[in-house]
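Protein chains: 2
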Amino acid sequence: MKVKAIIPFKKEGAKTRLGAFLTEKEREEFAICMLKDVLVAVSGSEIEEARIISTCSKLNFELDEELKLTVREDERGLNEVLNEVIREEKEPVLIIMADIPLATSESINELVRREEDVVIAPGRKGGTNALFLRRPYEFFVSYYGISYLKHVEMAKRRNLSYVVYDSFFISVDIDEVDDLIELVVHGKGFSAEYLRAIGVCLRVDKEAKVGR
Amino acid sequence: MKVKAIIPFKKEGAKTRLGAFLTEKEREEFAICMLKDVLVAVSGSEIEEARIISTCSKLNFELDEELKLTVREDERGLNEVLNEVIREEKEPVLIIMADIPLATSESINELVRREEDVVIAPGRKGGTNALFLRRPYEFFVSYYGISYLKHVEMAKRRNLSYVVYDSFFISVDIDEVDDLIELVVHGKGFSAEYLRAIGVCLRVDKEAKVGR
Chain A
1 MKVKAIIPFK KEGAKTRLGA FLTEKEREEF AICMLKDVLV AVSGSEIEEA
51 RIISTCSKLN FELDEELKLT VREDERGLNE VLNEVIREEK EPVLIIMADI
101 PLATSESINE LVRREEDVVI APGRKGGTNA LFLRRPYEFF VSYYGISYLK
151 HVEMAKRRNL SYVVYDSFFI SVDIDEVDDL IELVVHGKGF SAEYLRAIGV
201 CLRVDKEAKV GR
Chain B
1 MKVKAIIPFK KEGAKTRLGA FLTEKEREEF AICMLKDVLV AVSGSEIEEA
51 RIISTCSKLN FELDEELKLT VREDERGLNE VLNEVIREEK EPVLIIMADI
101 PLATSESINE LVRREEDVVI APGRKGGTNA LFLRRPYEFF VSYYGISYLK
151 HVEMAKRRNL SYVVYDSFFI SVDIDEVDDL IELVVHGKGF SAEYLRAIGV
201 CLRVDKEAKV GR
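Keeping their order, the protein sequence lines are chains A and B. Per this note's numbering, the first sequence runs over residues 1 to 212. Per this note's numbering, the second sequence runs over residues 1 to 212.
So that you can see chain A by itself, here it is in the shape it has in the complex:
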C-alpha cells in the first residue's frame, strides 16, 4: 500500500510560546530541526513520499534520507489548505505534525498498517498529532480546539471505521517551555541536539524543569 505523508510546517513566527526561552532566530532553527526529526522518522518507515506544506517561501535544509520530498508553499490556514489537498488524494495519506520530534518510524509503521479507514494519534489537550486517512477524499480535517473529538465525530458521521493509536512519543508536541523536558529526556535527534548545543539542560528540583 502506498501512503503519502503530508506535513504542515510554519517557520516564520513559529512557536511563539517558547519566546520566553528561545530567541526568534532560535525558534526558527529549532522548528527546522523538529521538522527534520519528523522527516527522519517518516523516511525510516514504509512511507516513501512526503509533502511539506509550508507557509514559508524559502525552506532550506539538507536531509540525508531516502525520501521523495516535495514542498508546497501555501499561506492559507491549516484546515483550508489540508482539506483542499486531501480532496484530490486518491491514495492513503498520513497527516503528521512537524512539531512531534520524538515520533518513531516504528509507530508510523504501526499506524499506517492498521486496517481502519481512519487512525487518530492524539496529542495532549485534545489535539490530533497524526491522522491516517485511507480514503482522504471522504474526510474533512478540523484542526484547532479539541480536534481529536472533531475527527472522531467526522469519522462517525461519514460511516468510516476508526481507531485511536496510542503513542506517547507522537503525543508530545513541543509548544511550551515545559514540553522541552520531554525532548531533553527522550530525544536523540536533531532537535534534542540543537537544545543541547544552545545550552538547554534539565534541572531537577521537586519536579523536572529546563534551564539555560
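Rather than coming from a laboratory, the hints here were simulated on the basis of the structure. The reader is advised that the hints may include incorrect statements.
Note that the list lumps identical chains together, so a pair holds whenever it fits in one copy or between two copies.
[Claimed, not checked] Below, simulated DSBU-like cross-link-like pairs (lysine-lysine); rule was C-alpha separation at most 30 Å, straight line:
| no. | residue 1 | residue 2 |
| --- | --- | --- |
| 1 | Lys150 | Lys36 |
| 2 | Lys156 | Lys90 |
| 3 | Lys36 | Lys4 |
| 4 | Lys58 | Lys206 |
Following the hints, put chain B in place on chain A, whose structure we already have.
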C-alpha cells in the same frame, strides 16, 4: 507467564495540586476512582493478581472484576517499600501507578509480553508510569525526579535488557488541573464519570481548559 501487578496508592492528602479545583473529599474520592480504572484495566489484561500498597489504613471500595486482589498497608516512602517488596518477588511484576486512569488492558498486555528484562512506560516530565520487571529481585526502583532516566541507568548497570514502551494513555498521570483535560476528552471509566458528575467540563477558547 505469571505476572503480578503492584499498585502504590495514596488516598489521604492525595493530589494536592488539584486543590484549587477539587475539595479534599473530592480529591480522595477521585483518587479511588482512578485506582478503580487502573484495576479494571489490569483485570482485563492477562494479569490475574494485583497487590495494592496503600498508605491508607481503610481502603473501602467495590470492584466487579475477576482479579485476585490484596492490599498491603505501609506508610513508608514509595522507593523504600517497593524495593523491599520486589526484592522478595520471584515472578515478574508490573509496577503501575494508581493515577493513570486511561491505561488500557491492551497496552498492559503488550507491555508484559515484551521479551526484555525491563520494560519502561514513561510518564510526562521524566516519570515512570509503568515498569515491568521480569526479574524484580535484580532491580532497584527509584521514583521521584527523572525516574525514567534512573530506571534506564539501573537496567544498564545491572546488565538487564530493556525497552521503552510507547503509550500515550499510560503516560497521562493526573497531577495538575490541566491533566483533567485528557480525562474529560478520552476517559470512559469511573474517574471520567466522577468528573462529569461533579460538573467538570471542557471549555475551549484558544486552547482547551477544564471548568466547573
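Evaluation of the provided hints:
1. Taking the shortest alpha-carbon separations for Lys150 and Lys36, both the intra-copy value of 28 Å and the inter-copy value of 29 Å come in at or below 30 Å.
2. For the homomeric pair Lys156 and Lys90, the shortest alpha-carbon distance inside one copy (21 Å) is at most 30 Å, but the shortest distance between copies (47 Å) is not.
3. Taking CA atoms no more than 30 Å apart as the test, Lys36 paired with Lys4 passes inside one copy only; the shortest distance there is 17 Å, against 42 Å between copies.
4. Taking the shortest alpha-carbon separations for Lys58 and Lys206, only the inter-copy value of 29 Å comes in at or below 30 Å, while the best intra-copy value is 43 Å.
Hint check: no violations occur; every hint is consistent with the structure.
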